[in-house]
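These protein sequence lines map, in sequence, to chains A and B.
Just so we're aligned, residue 1 is where the first sequence starts under the numbering used here, counting upward by one.
Just so we're aligned, residue 407 is where the second sequence starts under the numbering used here, counting upward by one.
Hint data in this document are derived by calculation from the structure and do not stem from the laboratory.
Mixed in with the good hints there might be a few duds.
According to the in silico footprint, chain B covers these stretches of chain A (three or more CB under 8 Å from chain B) [said to hold, decoys possible]: (1) 38-49; (2) 73-80; (3) 314-322; (4) 334-343.
Away from chain A, derived, C-beta distances all over 10 Å, residues of chain B [claimed, not checked]: (5) Ile418; (6) Val451; (7) Ala477; (8) Gly494; (9) His753; (10) Leu754; (11) Ala783.
Okay, derived cross-link-like pairs now, DMTMM-like style, lysine to aspartate or glutamate, Cα gap no bigger than 20 Å in a straight line [to be verified]: (12) Lys318(A) - Asp548(B); (13) Lys756(B) - Glu74(A); (14) Lys724(B) - Asp280(A); (15) Lys369(A) - Asp280(A); (16) Lys756(B) - Glu75(A); (17) Lys350(A) - Glu485(B); (18) Lys318(A) - Glu480(B); (19) Lys724(B) - Glu79(A); (20) Lys350(A) - Glu607(B).
Beta carbons are placed, not taken as given, at the ideal position from N, Cα and C, and that holds for glycine.
Number of protein chains: 2
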Amino acid sequence: MRQDPARLRFEIVAREGSARAGILHTPHGPVETPAFVPLATRGSVKGLSSADLASLGFEMILGNTYHLMLAPGEELLAELGGMHGFAGWDRALISDSGGFQVFSLAHGGVADEIKGRRGGRSSHGSVLSIGEDGVAFRSYLDGSPQLLTPQRSMAVQAAIGADIALVFDECTPFHADFDYTAASTERTHRWLDRCLRWHGEHGPSDQAVYGIVQGGVYPELRARSVERVAAAAVDGIAIGGTLGRDKPQMRAVLAATLPQLPVAAPRHLLGIGEPDDLIDSIGLGIETFDCAVPTRLGRHGVALGPDPERRYRFEVAKARYARDPAPLVDGCPCPTCAGHSRAYLRHLAKIGEITAARLLTIHNLAYTKALVEGARAAIVGGRFAAYAGAIRAGETPWQATAPVPS
Amino acid sequence: MRQDPARLRFEIVAREGSARAGILHTPHGPVETPAFVPLATRGSVKGLSSADLASLGFEMILGNTYHLMLAPGEELLAELGGMHGFAGWDRALISDSGGFQVFSLAHGGVADEIKGRRGGRSSHGSVLSIGEDGVAFRSYLDGSPQLLTPQRSMAVQAAIGADIALVFDECTPFHADFDYTAASTERTHRWLDRCLRWHGEHGPSDQAVYGIVQGGVYPELRARSVERVAAAAVDGIAIGGTLGRDKPQMRAVLAATLPQLPVAAPRHLLGIGEPDDLIDSIGLGIETFDCAVPTRLGRHGVALGPDPERRYRFEVAKARYARDPAPLVDGCPCPTCAGHSRAYLRHLAKIGEITAARLLTIHNLAYTKALVEGARAAIVGGRFAAYAGAIRAGETPWQATAPVPS
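Generate the whole structure from the sequences, applying the supplied hints.
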């Protein structure tokens with residue numbers, strides 16, 4: 001990897017075991033880590049404005065290359081000041097490479113895997129071919145043929161103007177066997193080179209680039225990928241691809257992979273954001289996370305909370321909350337909990353009002369942020385192990401960070 | 407009518423011709439009039455929170471009896487502090503009677519009239535019978551049989567805890583003939599008596615009640631209705647029912663009806679809220695307006711603006727705005743225009759993001775509010791006629807209120 005303060009400076013301010021608290025210094029301001037990064041998928045976090053995200057205190061959001069190249073398109077984005085200018089967001093921005101989405105079209109997404117479907121066509125579009133040069137597919141918006149190559153991915157990300165771009169990669173599915181995963185990972189490494197070459201010649205000089213470690217669930221492929229990515233001129237490292245069949249396997253893959261990474265590299269974990277996964281991954285040394293879970297759950301009437309036995313979530317529309325005057329989570333400082341009862345939110349969620357989607361999205365983002373911020377404060381204070389234990393035992397972030405009574 | 411400061415005190419602070427500027431003093435604070443009242447139909451203005459409405463400066467919102475009696479229901483509302491407590495709204499509140507909605511189920515709504523459908527069943531439910539006692543219908547939520555009577559309407563509105571309740575009435579459709587309208591209006595007058603009797607015995611002592619003038623497009627029926635309503639112990643008067651086939655007929659009905667009303671009575675015009683209608687109706691002496699137009703247009707990608715030739719509106723998703731860096735309306739001080747270009751809003755509206763629905767709803771409400779506030783300031787300054795002329799000529803509210811350069 002390279003270290004170039006003109007693009008990105010990563011400062012580690014505290015450690016506890018493998019966990020790190022730090023600051024990513026980007027051209028659009030600092031991002032205190034660990035940090036959760038909300039998904040502004042198609043240019044907005046669904047239901048929220050950029051001003052909402054700033055007022056919730058988020059320092060970085062993520063834009064999706066796949067969606068933004070189809071609409072509004074990279075030319076228009078470049079013309080209108082990138083996503084910062086377009087969406088009125090003046091803090092840090094990371095963009096993904098589009099690889100996850102186009103390969104989900106080909107391999108089927110996580111939901112397809114769970115339901116036993118393989119390689120089915122998604123309702124969102126269809127893949128025409130996968131080759132050494134990239135992926136050809138049809139736009140889900142207008143059916144137009146599209147080609148996403150390493151070069152185009154970087155060009156779109158240059159137009160987006162992200163502070164941190166990700167290299168184009170194949171996100172291998174859980175059902176991929178060793179041989180497929182090995183060949184795919186090697187191609188991802190060749191794409192890494194193409195991305196860096198394009199970026200060196202055409203990319204914004206202040207845009208950082210993260211490499212992506214693939215290799216599926218196979219330790220030797222992950223190890224080879226770490227070696228390859230760490231040797232390249234990247235500014236940080238993302239962990240991508242399937243992390244296993246279940247949470248224990250995901251933790252095993254991460255536990256085996258992370259110690260091999262350069263200590264100085266900021267690490268991003270792609271697509272992970274449930275409360276227990278965040279706590280465990282922070283403990284293993286991850287800096288930043290993006291994930292659809294908090295916002296998608298919010299749009300579907302599900303609120304995040306502290307109860308591990310209910311997977312840190314509950315359905316707000318249930319009858320048991322019909323007369324409940326309490327906020328979603330006691331003590332939660334978010335604007336949703338400050339001004340709305342479970343009874344009111346239950347009513348709005350049950351009848352499908354979009355106000356419910358917005359208010360639950362706000363709570364879930366704020367709750368996730370509080371959880372991660374609590375972890376950061378705990379690492380700085382040398383009590384992360386206790387904090388993680390308290391979260392796993394069902395305490396809220398603010399309970400888990402409160403001083404222990406003597 | 408009656409005048410009882412414990413319920414409602416209406417203070418007229420300025421007049422110009424028939425137009426009045428005033429203040430409605432309600433138990434939940436003052437409402438400067440003329441005023442536009444956003445629809446919190448089922449307990450929220452779709453996409454917005456009560457805090458959003460307060461921060462936009464609205465002093466009164468409207469809750470729908472028909473929707474709120476079906477969910478969450480009057481018992482739950484009463485238990486949770488009425489709609490003020492339930493929705494976290496601490497300013498003035500008006501509730502409608504449910505009459506408009508249940509009779510729309512029977513007669514077909516405005517959209518049905520335009521399309522030539524009559525008496526069809528709405529997709530939202532079905533009417534079982536209409537009689538002297540009220541209307542029996544099926545809930546669109548669970549199919550349960552419901553009976554909406556004058557008494558139940560007032561009981562629901564007592565549970566809602568509105569500062570201003572409306573009596574139960576039949577909203578006659580445009581296609582109703584003289585005989586039907588005459589008989590319906592007489593029944594509405596009998597329902598007025600029932601509502602006032604119930605309210606006198608069981609209603610909140612600080613809740614004001616507005617009577618509703620019906621009579622369709624027939625001047626003699628309107629005159630009789632005015633006489634009947636004005637003679638009753640009401641705190642204000644609403645104008646309901648069909649106002650004609652088109653805008654000229656609507657203005658004719660209003661122009662014939664309003665001079666017959668007691669001067670001291672605050673007047674509410676039901677269901678009217680397009681910019682030109684607001685200006686004309688304010689000129690004829692209306693205080694308050696509720697209407698779905700600004701919010702419904704916003705959810706469907708249509709923004710309000712100053713151009714009379716385009717019906718004061720434009721479709722944001724049109725290709726012509728794809729690269730337009732300007733706000734929706736130049737000089738508009740609303741949070742949407744302050745932070746978002748037409749290009750960005752066009753992108754979000756075109757792909758159907760709910761952020762677009764929210765941001766356009768905010769603009770349309772703020773624009774409507776600015777238009778009506780400008781009218782108020784103009785009446786106070788004795789220049790309403792000029793203001794109305796400027797709006798009709800295509801100026802924005804802030805252009806129309808700016809001092810004329812000498």
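Which numbered conditions among the earlier hints are violated in the structure presented, ordered from lowest to highest?
Result: hints 3, 6, 7, 8, 9, 10, 14 and 20 break, sorted rising.
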